[in-house]
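Asks: Hey, can you work out the whole structure from these sequences and the hints?
2 protein chains.
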Amino acid sequence: MENFVYYSPTCFVFGKDTERDTGKYVKRFGGSKVLIHYGGGSVVRSGLLDRVKKSLNDCGIPFVELGGVKPNPRSGLVYEGIDLCKKENVDFILAVGGGSVIDSSKAIAAGVVYDGDFWDFYQGKRIEEALPVGTILTIAAAGSEGSPDSVITKEEGMFKRGASGDAIRPKFSILNPALTQTLPAFQSAAGITDIMAHLYERYLTNSEEVEVTDRLIEGLLLTMVHEGPRVIEDPNNYEARANIMWAGTMAHNNSCGVGRTQDWNSHSIEHELSALYDCAHGAGLAVTMPAVFTYEMSHNVMRFAKAAVRVWGCQMDFEHPEVTAKAGIEALRNFLISIGMPKNFEELGAKEEDIPKLVDVLCNGDGRTGSISGFTTLNEDDCTKIYKMMV
Amino acid sequence: MENFVYYSPTCFVFGKDTERDTGKYVKRFGGSKVLIHYGGGSVVRSGLLDRVKKSLNDCGIPFVELGGVKPNPRSGLVYEGIDLCKKENVDFILAVGGGSVIDSSKAIAAGVVYDGDFWDFYQGKRIEEALPVGTILTIAAAGSEGSPDSVITKEEGMFKRGASGDAIRPKFSILNPALTQTLPAFQSAAGITDIMAHLYERYLTNSEEVEVTDRLIEGLLLTMVHEGPRVIEDPNNYEARANIMWAGTMAHNNSCGVGRTQDWNSHSIEHELSALYDCAHGAGLAVTMPAVFTYEMSHNVMRFAKAAVRVWGCQMDFEHPEVTAKAGIEALRNFLISIGMPKNFEELGAKEEDIPKLVDVLCNGDGRTGSISGFTTLNEDDCTKIYKMMV
Chain A
78 MENFVYYSPT
88 CFVFGKDTER
98 DTGKYVKRFG
108 GSKVLIHYGG
118 GSVVRSGLLD
128 RVKKSLNDCG
138 IPFVELGGVK
148 PNPRSGLVYE
158 GIDLCKKENV
168 DFILAVGGGS
178 VIDSSKAIAA
188 GVVYDGDFWD
198 FYQGKRIEEA
208 LPVGTILTIA
218 AAGSEGSPDS
228 VITKEEGMFK
238 RGASGDAIRP
248 KFSILNPALT
258 QTLPAFQSAA
268 GITDIMAHLY
278 ERYLTNSEEV
288 EVTDRLIEGL
298 LLTMVHEGPR
308 VIEDPNNYEA
318 RANIMWAGTM
328 AHNNSCGVGR
338 TQDWNSHSIE
348 HELSALYDCA
358 HGAGLAVTMP
368 AVFTYEMSHN
378 VMRFAKAAVR
388 VWGCQMDFEH
398 PEVTAKAGIE
408 ALRNFLISIG
418 MPKNFEELGA
428 KEEDIPKLVD
438 VLCNGDGRTG
448 SISGFTTLNE
458 DDCTKIYKMM
468 V
Chain B
78 MENFVYYSPT
88 CFVFGKDTER
98 DTGKYVKRFG
108 GSKVLIHYGG
118 GSVVRSGLLD
128 RVKKSLNDCG
138 IPFVELGGVK
148 PNPRSGLVYE
158 GIDLCKKENV
168 DFILAVGGGS
178 VIDSSKAIAA
188 GVVYDGDFWD
198 FYQGKRIEEA
208 LPVGTILTIA
218 AAGSEGSPDS
228 VITKEEGMFK
238 RGASGDAIRP
248 KFSILNPALT
258 QTLPAFQSAA
268 GITDIMAHLY
278 ERYLTNSEEV
288 EVTDRLIEGL
298 LLTMVHEGPR
308 VIEDPNNYEA
318 RANIMWAGTM
328 AHNNSCGVGR
338 TQDWNSHSIE
348 HELSALYDCA
358 HGAGLAVTMP
368 AVFTYEMSHN
378 VMRFAKAAVR
388 VWGCQMDFEH
398 PEVTAKAGIE
408 ALRNFLISIG
418 MPKNFEELGA
428 KEEDIPKLVD
438 VLCNGDGRTG
448 SISGFTTLNE
458 DDCTKIYKMM
468 V
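Going down the list, the sequences are from chains A and B. Our numbering numbers the first residue of the first sequence as 78 and each following residue consecutively. Our numbering numbers the first residue of the second sequence as 78 and each following residue consecutively.
In case anyone wonders, no lab produced these hints; they're calculated from the structure. Only a predicted model underlies this, so the values are computations on that prediction, with no experimental measurement involved. Some clues are possibly wrong.
For chains that are exact copies, the list does not tell them apart, and a pair is met inside one copy or across any two.
What the hints assert, rightly or not - Derived lysine to any residue pairs resembling SDA-like cross-links, with alpha carbons at most 25 Å apart: (1) Lys164 x Gly193; (2) Lys104 x Gly153; (3) Lys104 x Pro86; (4) Lys93 x Ser284; (5) Lys101 x Gln264; (6) Lys202 x Glu79; (7) Lys248 x Glu205; (8) Lys101 x Glu206; (9) Lys104 x His303; (10) Lys231 x Thr461; (11) Lys465 x Gly124; (12) Lys104 x Lys248; (13) Lys131 x Glu310; (14) Lys403 x Gly124; (15) Lys147 x Glu316; (16) Lys93 x Asn80; (17) Lys101 x Pro209; (18) Lys131 x Asn80; (19) Lys130 x Arg445; (20) Lys465 x Arg445.
Replies: As structure tokens, this is what we get:
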């Protein structure tokens, strides 16, 4: 096991009606003037935003608002948020929404206290300082509520890139599974897919001997396999929603990813799809993962066989472990299709003729030099083949 | 799933040679004058204490020392530590040792800033304030390095009781698996047993529907079943030690115990054994758990059958699930014996004639009123029967 530092100081406040404690937690973590950052109208229509504002008012905490975050959040709104926070002397960013809103909030939080262009952080500069961020999560998916990461898309060039730093880990995250009960089935399924991808990216390692991490990941994947279809079948199943929400947080706060290398090639390959076509990240991952895994399989057949046996209940073929490995990837693919995810470029709204462009941005855009690297190193030729497998 | 707050802000610094960074972390978490608290001679002989002191010296952090913590740590030394800290203006407690040293350190940390008798906290008063605590762990067992808990034995009456509060969660815990390689096999096995007990206590719930928590616990138990024997066979197996050390921390920082009730009857019943006979807590648990579980089994057969199938690989008997449940408890018992744990009172050094005394202190001592309560409620009669099953 490789040396690591694991530090996840986020306070998770989980359960029904917990958003009513927002003001209390903002106060506890030092906020005195808040930016409420959110997306579209659903948090307004559902009354969530009103409950949050009431809680802040009850605690005597003034706030300003900035809505309009889109899926695959853009740099333009981040700049706007930074300006607003500076003008209004905001000292706490409150994200009310899903991963996009949280990521946008983190970018604003880092940008407000930074003299340069916040995009520097998305080109590799570590985030060392930021305003405190709190979140009220409305979709179980990205895991951003417990992670030190943020992904933003820059309008010029449509580069979708990530930034990282403990400073942007949320101080608190309010997780009320009931808030996710109104999500359309497609969004629920995309969230489930994203969570499973976070687990697979951590499972595909080149390090040896971290059985504890394997077991925890498998446990969370098994939870998703069990609870996912229940949520699709009955959106109001609170218990299933709750299981998925906590699994989603645990899947990405890295408690289940320590002590070894990780993959993240599927995420990189998908990011170009959602950046270009503005598709749901999870939907993109549903098409991407089976292709990437099939392509990467020969790099370590036993890794895929292990997942096949332990997560998907495949019988181990001891003479031909690649048969088992493949069956596991196929089981993942069928599961994702069964919960309503797309299976190819066409269903995703992607176009074969764009592949050269996708590959070019992926492998050469924004500082990269001809390849991406995780579980395996993939050059332009590899990535072209992988995208073609998705057609 | 029941509402919960999960807050585990400890910074875990994991891996080889990490104790050399002690000074850096004390500084980061605000320490300027340290009490180094430890147990017997092993941390001196191994050179660990010297390395820790060197790291503090290199960072210009002055310190005083208090050794002599015994297994099942006593209140006497806690009072001594509190006095020493007040006299020397200590503002940071550094525990170098196992669970006993860490628990003693936490008691001192809470006592220094409290006007009353620190024992108040061990009679039910919540710990709201304490000096910061850091730990350098030398045995994977108690999980105290990531928990808000402390257990101390009061010499007068030999009451062994616990206290709790986020204020005594360690600010950082340095986890170097190599430090555990010199442990005698018996102590390693006792640690493994303690970790497994922490998982079982969380598994035995009266709440429904927290599949994610079941899966995480099962994953950690499976890790223990796989790695435990490897450590007993080869004490220098770093990878196995590392897996067990991280599993031990995860088993008790409550990331795998949220959203439902827990048991802890086995711990209560065992505490009287280690308080009276000064046996290793883990060894006591090895004798206690199979008896308690057999006694509690009928309360929810399916819970034990689930563990039997998923952790111990038992075949499910769908007509007679109690057969499967029992097979799982038997498998646990055999596993613990196989790693060198005692199986009954005699091997533990306990005496049948003491049972009335054990039951009386357990059920009536120090504020209790005739019973203990967890997965089931156990009165004096129940507890007598359980202790007799261990003979």
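Asks: Now tell me if each hint is right for this structure.
Replies: Outcome of the hint check:
{"no.": "1", "hint": "Lys164 x Gly193", "in the structure": "within (17 Å within a copy, 49 Å between copies)"}
{"no.": "2", "hint": "Lys104 x Gly153", "in the structure": "neither (29 Å within a copy, 39 Å between copies)"}
{"no.": "3", "hint": "Lys104 x Pro86", "in the structure": "both (17 Å within a copy, 18 Å between copies)"}
{"no.": "4", "hint": "Lys93 x Ser284", "in the structure": "between (40 Å within a copy, 16 Å between copies)"}
{"no.": "5", "hint": "Lys101 x Gln264", "in the structure": "neither (30 Å within a copy, 45 Å between copies)"}
{"no.": "6", "hint": "Lys202 x Glu79", "in the structure": "within (24 Å within a copy, 40 Å between copies)"}
{"no.": "7", "hint": "Lys248 x Glu205", "in the structure": "both (15 Å within a copy, 19 Å between copies)"}
{"no.": "8", "hint": "Lys101 x Glu206", "in the structure": "both (24 Å within a copy, 19 Å between copies)"}
{"no.": "9", "hint": "Lys104 x His303", "in the structure": "neither (38 Å within a copy, 45 Å between copies)"}
{"no.": "10", "hint": "Lys231 x Thr461", "in the structure": "within (23 Å within a copy, 69 Å between copies)"}
{"no.": "11", "hint": "Lys465 x Gly124", "in the structure": "neither (44 Å within a copy, 59 Å between copies)"}
{"no.": "12", "hint": "Lys104 x Lys248", "in the structure": "both (11 Å within a copy, 22 Å between copies)"}
{"no.": "13", "hint": "Lys131 x Glu310", "in the structure": "neither (34 Å within a copy, 61 Å between copies)"}
{"no.": "14", "hint": "Lys403 x Gly124", "in the structure": "neither (46 Å within a copy, 51 Å between copies)"}
{"no.": "15", "hint": "Lys147 x Glu316", "in the structure": "neither (29 Å within a copy, 45 Å between copies)"}
{"no.": "16", "hint": "Lys93 x Asn80", "in the structure": "between (38 Å within a copy, 7 Å between copies)"}
{"no.": "17", "hint": "Lys101 x Pro209", "in the structure": "both (15 Å within a copy, 24 Å between copies)"}
{"no.": "18", "hint": "Lys131 x Asn80", "in the structure": "between (45 Å within a copy, 21 Å between copies)"}
{"no.": "19", "hint": "Lys130 x Arg445", "in the structure": "neither (43 Å within a copy, 45 Å between copies)"}
{"no.": "20", "hint": "Lys465 x Arg445", "in the structure": "within (21 Å within a copy, 69 Å between copies)"}
In the structure shown, a violation is registered for the earlier hints numbered 2, 5, 9, 11, 13, 14, 15, 19, in ascending order.
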